[in-house]
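Number of protein chains: 2
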Amino acid sequence: MARVVVDVMLKPEILDPQGQAVANALPRLGVTEVASVRIGKRIELEFTGEPDLEKAREIADKLLANTVIESFDVRVEK
Amino acid sequence: MARVVVDVMLKPEILDPQGQAVANALPRLGVTEVASVRIGKRIELEFTGEPDLEKAREIADKLLANTVIESFDVRVEK
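First to last, the protein sequences are chains L and H. Residue numbers for the first sequence follow my numbering, beginning at 8 and rising by one. Residue numbers for the second sequence follow my numbering, beginning at 8 and rising by one.
Simulated from the structure, these hints should not be mistaken for lab results. Since the model is a prediction, treat every value here as computed from it, not as a measurement. Take the hints with a grain of salt, since some may be wrong.
All copies of an identical chain are treated as equivalent in the list; a pair is satisfied when it fits inside any one copy or across any two copies.
[What the hints assert, rightly or not] Calculated lysine-lysine pairs in the DSSO-like style (CA-CA distance at most 27 Å, straight line):
1) 18 to 48
2) 48 to 62
3) 69 to 48
4) 48 to 85
Using the sequences plus the hints, can you model the full thing?
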């Protein structure tokens with residue numbers, strides 16, 4: 008079994024209210040050294056044989072990310 | 008600015024209906040070599056100074072993950 012990880016994040020120019028909510032909560036926890044928080048998705052695909060990055064990219068593009076507002080990154084995990 | 012990434016995934020023994028829905032959709036796309044799909048969160052914390060993994064772990068534990076059903080992993084991104 009080989010694992011391919013797809014990271015899906017909102018594009019930098021898209022507002023992330025969920026991340027903003029976490030960032031706003033941090034000072035109340037006494038954390039002042041975090042300037043910003045962005046929240047996205049991490050998807051783990053378990054391939055039965057060899058990991059196929061090209062196939063993973065196709066899955067990400069069609070099923071996992073909305074490429075109008077999100078960008079994704081695909082990698083094999085050791 | 009230094010980026011710390013927190014990956015939050017459901018524990019292996021917890022059912023992941025969202026990942027299961029994606030896995031069920033794959034054969035319809037002609038993908039048969041993916042055995043399972045798990046979907047979690049990726050959170051990017053931008054530190055103003057040096058990245059502080061201990062602080063990031065505290066934030067993950069208190070704000071980002073529900074440790075009853077989720078596990079998390081914290082790392083500095085180059």
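Status of the hints after comparison with the structure:
1. 18 to 48: Both. Shortest intra-copy (13 Å) and inter-copy (16 Å) distances satisfy the 27 Å Cα cut-off.
2. 48 to 62: both (19 Å within a copy, 22 Å between copies)
3. 69 to 48: both (15 Å within a copy, 19 Å between copies)
4. 48 to 85: both (19 Å within a copy, 19 Å between copies)
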